[in-house]
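Chemist: Going down the list, the protein sequences come from chains A and B.
Going by my numbering, the letters in the first sequence line up with residues 1 to 173, in that order.
Going by my numbering, the letters in the second sequence line up with residues 174 to 346, in that order.
One thing to keep in mind: the hints can contain errors.
Stated by the list, open to error - Selected chain A positions facing chain B (in silico; Cβ < 7 Å):
no., residue
1, L14
2, L29
3, A159
4, V171
Stated by the list, open to error - Where chain A lies over chain B, by a calculated footprint (3+ residues, C-beta under 8 Å):
no., region
5, 185 to 193
6, 297 to 309
Stated by the list, open to error - Chain A regions said to be covered by chain B (calculated; three or more residues, Cβ under 8 Å):
no., region
7, 73 to 85
8, 100 to 109
No lab work stands behind these hints, which were simulated from the structure alone.
Virtual Cβ for every residue (Gly too), placed ideally from N, Cα, C.
There are 2 protein chains.
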Amino acid sequence: MTTKLLHRGRAIALYLDRVTLPNGAVAELEMVRHPGASAVVPFVSPDEVVLLRQFRHATAGTILEVPAGKLEPGEDPAVCAARELEEEAGQRAGRIEHLTTIWTTPGFTDERIHLYAAFDLESVPTRRDPDEVIEVVRVPLAQALDWVWSGELSDAKSALALLHAARRIGVLA
Amino acid sequence: MTTKLLHRGRAIALYLDRVTLPNGAVAELEMVRHPGASAVVPFVSPDEVVLLRQFRHATAGTILEVPAGKLEPGEDPAVCAARELEEEAGQRAGRIEHLTTIWTTPGFTDERIHLYAAFDLESVPTRRDPDEVIEVVRVPLAQALDWVWSGELSDAKSALALLHAARRIGVLA
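Same shape as in the complex, but just chain A (with noise of 0.2 Å):
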C-alpha cells in the first residue's frame, strides 16, 4: 500500500491509499483517517436516561445524541467516555460498560466509535467547547427507544448504543 496526505483537518485527515485488494485487483482509495470515538448512554435509573439535542452542521439542525466525543491522543475509550460524560452532560459516572465497538461508515473512513453505558450519576459542572451547542433532555428509556424505532432518534451511534444497552440491562430480548 502507498498512501498520500490530501489534508489534515482539525478532526480528521484524508489520504489518498493505494492499494492490492485481496483479488490482486489495485485500487484507489480515498480514505478519511480518525482518531476514535467514545459515546456513553447515562443512565439515571434503570427507567431512564440523559440525551443531548445538539445542534450539527451536518444536519443543518439539531439532533438527538448521546454524550459521545473523540479520543485524545492514547486516551482509554473508557476514560474518554466518563470524560464527554462530565463535559457534555454535567455527569460523573460511579461505574461504566463496555457495550460494542463499532464502525461508523466503513466505505471511507476507518473510524471506530466504542459505545459505553454508564450507571451511579451524580451531578457536576459541564465543560463545553464554545462550538457545541447542546440541550441535556432527561427521557425515559421506553421514550429513547420509541425514538430510535421511529426514526426520531437517527444518530446511528447513539441509536445503536441506547438498544445494547437496553439489551444489556434486560429491557430488548
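Chain B: place on chain A using the hints.
Modeler: Same frame as chain A, but now just chain B:
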C-alpha cells in the same frame, strides 16, 4: 456560511465550512459531503437473511455487512437498495420496505443511509465492481442478531438495519 472545496474525490468531497452557530459562535468545520446510500436486509425467509463478508480497506480486513451502496445522482433510495441487492448479493427483491434512515457520523459528514428490508427474493447474476471483494453468506436471522449483540457484526448501518428489520417482522420486542 461560506464553504471551500479542499478535495473532490471519487466518492466523497472534503470541504472547509465557516459557519455561524445558533449560539452566535463562528466555527470552521471540515465537512465530508457524500451523496448518501442505501442498505438492505435481504430475507430469504422470515428466519434467514443474506449477509456479505466484504473486504474493507478501512478495517484492514473483512467485515460482515448487509448489501449497500451509494446513491447514483437523482436515484430513488429504494431503487438504489434494490440495485445493490442485485449487484452485490445476486438477489432480486419482489418487495422492498423502508425501515429508517440514519446519519452515519454527523460530526464530520452529511452522509445518510436509507435502510430497507427486502422480501420475495429471486436469484440473479451478481454484477460486482472489480474492487468489491465479497462473499455471500446465508445465516439464520437469530445468528445475525447474535453477531450484532456480540460485536462480531460491528458495521453500524448493518447492525441497525438488522435490528430494525427484526423489529419490523416482530422478532424484537
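Chemist: Give me the numbers of the hints this structure contradicts, sorted from smallest to largest.
Modeler: Per hint list: 4, 7 violated.
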